[in-house]
Amino acid sequence: MRLTPRNTLIAGAALILLVNAVALTGVYINRSGEPEARMTLSQRELGMPWDWSAAGDNSGLVLGLNWRVNDGHAVENFYADYGYHGGTPEWLDEPRMKALGFDTAPVAEGSEARRRFERTLPREVLLVLELAGPAWHQALQRARANAVRHEAARLANADSKEFAAKAKQAQEALKNEEIRNSRLFAIDAGLDRAALRAKYPDRGRFLILKAKLRPSLATQDRKTRVSGHVSELAVRRINVPHALRPQLEPVLRKPRRNGLDPDANYEATVAVGQRLEPWIEAVSVSR
Amino acid sequence: MNTHLRTPIRSEAQQRADEIAIFRAELARLEGEGVLQLDAAQGEAVRAHHAALLAAFAGAFDIDRNVQAKQLSLGMRVASFLGALALAASVFFLFYQFWGNFGEIAQVVILLGAALGSLVLTIAIQSRDASGYFTKLAGMVAFACFVLNLVMLGQIFNITPTDRALIPWAALAFLLAYTCDLRLLLAAGICCVIAFVAARVGEWGGIYWLHAGERPENFFPVAVLLFAFPQFVDHRRMTGFAAIYRIFGLLCLLVPMLVLGHWGWGSYLADYEGVSTRTIEGGYEVAGFVASALAIWLGARRQWSDTVNTGITFFVIFLYTKFFDWWWEAMPKWLFFFVLGLAAILILLVLKRLRTSGAAGGAP
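As given, the protein sequences belong to chains A and B, one line each in that order. The numbers in the working numbering rise by one with no breaks, and the one at position 280 of the first sequence is 280. The numbers in the working numbering rise by one with no breaks, and the one at position 125 of the second sequence is 125.
Just so you know, these hints were derived from the structure itself, not from any lab. Fair warning: this is a prediction, and the values are worked out from it, not measured in the lab. Each residue gets a CB set at the ideal place from its N, CA and C atoms; glycine is no exception. The reader is advised that the hints may include incorrect statements.
Said to hold, decoys possible - If we take Cβ atoms under 8 Å as the criterion, some of the chain B residues that face chain A in the derived model are:
1) 171
2) 269
3) 270
Claimed, not checked - Stretch by stretch, here's where chain B covers chain A in the computed footprint (C-beta under 8 Å, at least three residues):
4) 57-70
5) 120-131
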């Protein structure tokens with residue numbers, strides 16, 4: 001075919017239309033039929049990304065999915081509870097990393113081999129996220145125990161400002177855990193979606209989403225074990241449909257006096273489709 | 001395979017105009033020195049023929065007829081390049097500024113309309129713009145609109161990011177580049193191909209595609225593809241296209257080598273037990289010198305100035321970084337820079353010799 005202007009116009013227009021059709025067909029397939037999962041999340045799990053409100057040139061509105069992992073360090077580190085995007089879960093052990101396709105054999109061969117294991121680049125896996133399940137209750141219990149421990153230490157050292165400050169921090173962490181922190185926890189990972197769904201059949205409690213997983217080594221009590229760092233979801237931000245913006249925007253755009261501002265209370269029904277791509281179906285705002 | 005592509009022949013017209021100017025100057029000199037004297041009829045015939053040719057070229061291609069026009073053309077090329085980038089950025093920000101005010105259907109219609117409309121505009125401008133500068137601006141905007149189209153569809157409908165989007169972007173860039181003789185769009189298309197092939201090579205190794213760049217060797221296959229492509233597809237009628245393919249091919253080969261020469265830990269070879277990072281770095285340093293030298297040799301042999309210049313640039317970078325590693329701490333600064341200067345003189349002598357032997361070899 002000669003590249004005359006007419007031919008170029010036809011070929012270019014066909015390319016643009018075809019690619020748009022393919023993309024929109026994918027969207028249609030994703031949203032057709034009964035969603036793979038559907039759950040109601042609150043402002044604890046769906047928040048405006050930290051860099052979004054500052055993006056004055058962008059008139060769109062998105063919500064970031066806040067999710068967490070139980071990494072076993074939350075008690076020791078107050079700020080671990082604020083880490084919303086990824087971590088090294090306790091459940092991600094050597095057999096599971098093997099099952100996810102990572103070669104864990106070199107780890108036993110010495111320090112150089114362990115370094116080689118850690119330089120393995122991320123792979124895509126399917127991550128199971130549970131809403132307000134045992135993982136969250138465990139985090140809550142941990143925060144409560146932490147608050148009790150620090151309060152006891154404060155009482156035992158009544159004159160110490162340091163102990164008083166730590167007890168206050170522990171109380172704040174507990175309050176955050178009770179009313180603010182996300183209750184959505186990564187609890188499992190796999191490569192076979194059907195097998196994961198069979199294992200976690202409750203579609204209103206377990207989300208299966210694509211995520212990136214990088215091998216890592218976790219050291220605890222001087223013992224090094226094979227693990228993995230779940231770094232980010234393939235779709236990190238969910239667009240708020242135009243029709244739902246009038247309800248949500250005033251709440252989201254309202255300046256917050258502090259982190260516990262009770263005004264920002266809303267819920268959103270999030271569906272995940274056949275291609276594991278999420279979308280927001282409905283929102284409700286409570287004042 | 002030897003594919004002949006139908007292209008505008010602006011470059012050929014410009015070359016012919018340049019040759020006419022040179023011919024006229026040399027003829028005047030020969031006449032002045034009494035070596036050659038065309039009779040009046042011959043002189044008039046040549047003048048009339050050249051005038052007709054130049055008028056036709058100027059009408060069709062807006063070529064530069066003299067040195068001043070050439071200098072202005074360079075300025076216009078720079079302005080159109082910067083303008084094209086600025087307009088492309090403007091399209092992005094314009095949509096971002098207002099897209100939230102529309103419903104999803106309107107957003108899709110606007111994105112699709114912008115991509116199609118800018119394509120139509122580019123083709124319309126191309127048929128009226130003999131200079132090509134405005135076509136370049138419009139072509140870049142059309143490409144930006146199409147990129148924006150897919151990026152925003154992904155954002156509106158929360159589509160999983162994929163490297164497959166790079167294929168249609170590359171296809172449109174190549175389509176516009178070959179139709180309108182636009183090197184900027186060719187470079188954009190090549191960048192998409194580089195990203196796609198590197199991502200795929202990484203994916204074959206199990207890497208998530210966005211991390212393919214963390215193993216610089218993923219760029220080697222596309223380096224070979226790009227460098228070899230102009231050998232199989234005839235680009236003589238396209239202005240500088242073959243050179244752009246070769247330069248990008250060499251960049252995809254030599255930049256990873258340069259990186260791995262200092263960061264052996266990033267190599268696939270570091271996965272193998274017994275292969276130290278020092279060995280990998282040393283190997284890639286040597287490979288970098290050899291590859292740059294081969295590029296200079298091949299470029300000189302085939303008269304590809306682009307390949308020679310890229311090869312020389314990287315050879316000097318490899319050499320100077322090696323000198324820095326060896327001597328920056330050990331030598332007084334004056335001696336270090338003196339050695340650099342001597343190295344430059346040595347390179348000049350080698351290149352001069354290469355040029356002389358090339359000229360001798362090319363002499364009839």
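Verification of the hints:
Interface hint at residue 171(B): satisfied, since its Cβ lies 6 Å from the closest Cβ of chain A, which is below the 8 Å cut-off. Restraint check, residue 269(B) versus chain A: the minimum CB separation of about 11 Å is more than 8 Å; hint violated. For residue 270(B), the interface hint holds, the least distance from its beta-carbon to any beta-carbon of chain A being 7 Å, beneath 8 Å. For the region 57-70 of chain A, the proposed coverage by chain B is satisfied: 6 residues have a C-beta within less than 8 Å of a C-beta in that chain, meeting the threshold of three.
Coverage of the region 120-131 of chain A by chain B holds. Counting CB-CB distances below 8 Å, 4 residues qualify, and the rule asks for three or more.
The structure does not agree with numbered hint 2 stated previously, though it agrees with all others.
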